[in-house]
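A.B. asks: So the sequence lines, in the order shown, correspond to chains V and A. So for the first sequence, the numbering used here puts the first residue at 1; every next one is plus one. So for the second sequence, the numbering used here puts the first residue at 1; every next one is plus one.
Since the hints were made in silico from the structure, they are not lab data. Just so you know, these numbers come straight off a predicted model, no measurement behind them. Do not rely on the hints blindly, as some may be mistaken.
Distance condition first, Cα-Cα at most 16 Å in a straight line; then the derived EDC-like pairs of lysine to aspartate or glutamate [unchecked claim]:
| no. | chain 1 | residue 1 | chain 2 | residue 2 |
| --- | --- | --- | --- | --- |
| 1 | A | 8 | A | 67 |
| 2 | A | 68 | V | 98 |
| 3 | V | 99 | V | 48 |
| 4 | A | 467 | A | 334 |
| 5 | V | 99 | A | 67 |
| 6 | A | 445 | A | 256 |
Examples of chain A residues lying across from chain V (beta carbon under 10 Å, computed) [claimed, not checked]:
| no. | residue |
| --- | --- |
| 7 | 68 |
| 8 | 94 |
| 9 | 112 |
| 10 | 200 |
| 11 | 202 |
Cβ coordinates follow ideal geometry from the N, Cα and C atoms, glycine included.
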Amino acid sequence: MTPKRIGDLLDLIECLSCPCDLDLLLFFYRHPRAFLISERLAQYVGYDLPQVAQSLDTLITAGLLRRSPNATHPAQLYVLARGSPLGGWVSSLLRVAEKREGRLAVLQALKQRPPLRRSGGVESEPVAGAQPVTPTREVPNA
Amino acid sequence: MPDPDLVKTGLKGLDEILFGGIPRGNIVLVTGTAGTGKTTLGVEFVYRGARQFNEPGVIVLFEVASDKLIRDAALFGWDLGELERDGRLKLIFTTRQLFQQELQQADSPLLAEAAEIGARRLFVDGLVRLPEATGGDSRDAFHLLAEGLHRENLTAMLALESTFADPAAARAPEEFVADTIVRLSIEPVQRAVLRSLEVVKSRGHEYALGRHSFRIVNGQGLEVYRRVQAPRSLERERGAAFDPTSRVATGIPGLDGLVNGGYFVASTTLVVGISGAGKSVMALQFIAEGARRGEKSLMVTLDEPPAQVLRNAHSIGIDLQSAIDKGLVHLWYEPPQEFEIDRHFAQIEAIVEDFRPRRAVIDSLSTYGSSLGAAERSFRDFFHAIVALMKEHQVTAVYNHENPEMLGMSSMMGEFKVSSLVDNIILMNWVELGDTFRHALTVAKMRAMPTSRTTHECEITNGQGMKVLPRPIRAALPVVPFAGYFGLISRAPERRSTVGPEVP
Numbered sequence: 001m002t003p004k005r006i007g008d009l010l011d012l013i014e015c016l017s018c019p020c021d022l023d024l025l026l027f028f029y030r031h032p033r034a035f036l037i038s039e040r041l042a043q044y045v046g047y048d049l050p051q052v053a054q055s056l057d058t059l060i061t062a063g064l065l066r067r068s069p070n071a072t073h074p075a076q077l078y079v080l081a082r083g084s085p086l087g088g089w090v091s092s093l094l095r096v097a098e099k100r101e102g103r104l105a106v107l108q109a110l111k112q113r114p115p116l117r118r119s120g121g122v123e124s125e126p127v128a129g130a131q132p133v134t135p136t137r138e139v140p141n142a
Numbered sequence: 001m002p003d004p005d006l007v008k009t010g011l012k013g014l015d016e017i018l019f020g021g022i023p024r025g026n027i028v029l030v031t032g033t034a035g036t037g038k039t040t041l042g043v044e045f046v047y048r049g050a051r052q053f054n055e056p057g058v059i060v061l062f063e064v065a066s067d068k069l070i071r072d073a074a075l076f077g078w079d080l081g082e083l084e085r086d087g088r089l090k091l092i093f094t095t096r097q098l099f100q101q102e103l104q105q106a107d108s109p110l111l112a113e114a115a116e117i118g119a120r121r122l123f124v125d126g127l128v129r130l131p132e133a134t135g136g137d138s139r140d141a142f143h144l145l146a147e148g149l150h151r152e153n154l155t156a157m158l159a160l161e162s163t164f165a166d167p168a169a170a171r172a173p174e175e176f177v178a179d180t181i182v183r184l185s186i187e188p189v190q191r192a193v194l195r196s197l198e199v200v201k202s203r204g205h206e207y208a209l210g211r212h213s214f215r216i217v218n219g220q221g222l223e224v225y226r227r228v229q230a231p232r233s234l235e236r237e238r239g240a241a242f243d244p245t246s247r248v249a250t251g252i253p254g255l256d257g258l259v260n261g262g263y264f265v266a267s268t269t270l271v272v273g274i275s276g277a278g279k280s281v282m283a284l285q286f287i288a289e290g291a292r293r294g295e296k297s298l299m300v301t302l303d304e305p306p307a308q309v310l311r312n313a314h315s316i317g318i319d320l321q322s323a324i325d326k327g328l329v330h331l332w333y334e335p336p337q338e339f340e341i342d343r344h345f346a347q348i349e350a351i352v353e354d355f356r357p358r359r360a361v362i363d364s365l366s367t368y369g370s371s372l373g374a375a376e377r378s379f380r381d382f383f384h385a386i387v388a389l390m391k392e393h394q395v396t397a398v399y400n401h402e403n404p405e406m407l408g409m410s411s412m413m414g415e416f417k418v419s420s421l422v423d424n425i426i427l428m429n430w431v432e433l434g435d436t437f438r439h440a441l442t443v444a445k446m447r448a449m450p451t452s453r454t455t456h457e458c459e460i461t462n463g464q465g466m467k468v469l470p471r472p473i474r475a476a477l478p479v480v481p482f483a484g485y486f487g488l489i490s491r492a493p494e495r496r497s498t499v500g501p502e503v504p
């Protein structure tokens, strides 16, 4: 898939803005129903806990991930929401990103995107000289 | 005692060994080293439950990713993704510590997930001995886990890893707590390997003891073959025919007269002789005679592939292909390399039960001996089992056996100690007269029938097959009484020149 098409997919999905978002999504793509404590999840994906917490919120807010309602329980059940409106685009992106080269290409595309305004916590640094990509509404091929 | 509520595993051959299935609610421990098939067994248990028995299930994974499990299951034709979408299966990735903790909590989200789909079966993949995970007493920790599973009324299968370096794992403390233990192993046989499965214990029901063979078959899953020695139904033991009137024609001109009109129905006949003595020709004529009478016959060939058997039959005027096409003959070939005797027997058993032959030929018994080891108990056990199978189904069976001695026989069966299991023995010999080896046939044993044990000349003619030649000189020779010889049991009797005065 060309960088242009990856950029288009990211525009359609909108919510992904940093590598941790992508890697968490990839983790849940492989483990669509995971019952874990967040520290362990952070170890699995290899990011700091605050960053993972931020990305989890992003994915849940975007409707890509569901979390068990009992927030007081030390472990949470995370379920990838395959039926979300973004599901088709997310699947296309993850099929690309599950290979090493594809993941690197998506990360590169993420770096070139303008920063998303988040409610708080960690925010990606803007990449100098990045050109905004005009979103298209067609479903791209994987 | 009421019949237990048994959970059918749905795995081919396993429920037969478990005498119907696993008592509902049992905690089943599946032990074995890496690569023995624990995951396949557990996943198939849950898959079959959801697919065939309307029992939703949960698979708990600690190390394997769900997508890989789904991919691997697809090789067996199991669509786990479809079951998930239909709400009949959940794959949950977690850690061992969490799993252990959650089972001790009544409001566990993990258990709520199982309850949401009404799960009746659970498979936990990759349990290790619990002290490694909890730092506590292994037996006690496993007991807590088992109690949690009992509370949920799940029939749970837990794959417990044992290592090559830790043979003591086979007696893990968890085994004392579990209700059912299934031990999987891989053992080297020559340069091949054989998978085996043993139900070590199972509370609440009976099961077949011993190590049974199994295979992991692409597109199918596990196929378990009950060990050949395991007793079958009592009917099989009682199956020997008691029919003193019916005879099964041999198909060899001149032979029926020597065996009182034919073999008994469901009798076992051994034809012994060196290679080339005419055993396979006799077998083909026996099968052809059945086809001529409209009787179904099974021919198991281990030494020659079907094309060669068909050619051989054609050379003695038998159109075996035509009989096969008419459904009168089932020709089954299995090359003897890397023989798995339990599986082989299960296949013969299935053919006999489905095809229902009246006659059978096994060519040859000595090939089993060379694969299993003639002196081994397994060979005798196999032969005993196949004889019992044929008798139960009233199949008149002929077994060829190659004796290595070219001229004469010092022993009928050599190191194959099975002659006591057979009803009839026919010896095929070469006799060297002048510059020619001529075929000789002796009926050495006919159980429950008289036999003269005289040696007859045979002839095999191209396009016609074998026939036993008449013995016109027999009447001309006087029968000399034992008293006319000395050294009768010394293997070299000599005839007295004259019979002396009668001794009172």
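A.B. asks: Broken hints, numbered, in rising order?
C.D. replies: The structure conflicts with hints 1, 3, 4, 10 and 11, although it agrees with all the remaining ones.
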